[in-house]
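Residue numbering for the sequence shown follows the UniProt record's numbering, beginning at 1 and increasing consecutively.
Think of the hints as simulated: they come from the structure by calculation, not from any bench. All values derive from a computational prediction rather than experimental measurement. For each residue, glycine too, the CB sits at the ideal point set by N, CA and C. Please note that a few of the clues may not be correct.
As the list claims (entries may be wrong) - Pair ranges (Cβ atoms, derived): (1) Ser39 with Thr132: 33 to 41 Å; (2) Leu107 with Ala31: 14 to 22 Å; (3) Gln18 with Ile40: 29 to 37 Å; (4) Ala47 with Thr111: 32 to 40 Å; (5) Asp67 with Phe127: 35 to 43 Å; (6) Ala48 with Lys12: 26 to 34 Å; (7) Ala31 with Trp126: 25 to 33 Å.
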Amino acid sequence: MSDRQASNTKRKLRGACQCGSVTYEVDDEFAFAVNCHCSICRRATGAAFKPLAGIEIGKLRVSTGRDDIKTIGANGWQDQRCNSCGSFLFAVVRDGTFAHIAMGTLLDDPTIRPQAHIFVGSKAPWFTITDTLPQYDQHIVADSV
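Given only the sequences and the hints, what does the whole structure look like? Please build it.
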């Protein structure tokens, strides 16, 4: 394969729920990755924060188990979970144009790493952030996340 062909080949990442009923592919072309500490993400995951990577919805494809996906939420924000095991896979946001991929469901290692902590103003009081990533009380930029 020539260098030109290699540069035109998009790297695909695989992801799946815990039970394997739902699998997906996503281009390794994330716009951003953050650790979100908002109360909505904490409740959705049951964790101190949700590591998520944002990408245009057209770069995400459900491979298997489309009928096993349960959608929770309104038009502006819809969490997608496996109906069998309950795993949170991704959220469809920005009126269906963007997705927030739950990084813990990726089977392959993405190029991007979380770049910041957001909504630390509402983080769990029992959790201490110990890394050196930048921290923001809200979004980094309102339109970016």
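Can you name, in rising order, the numbers of the hints this structure does not satisfy? 1, 3 and 4
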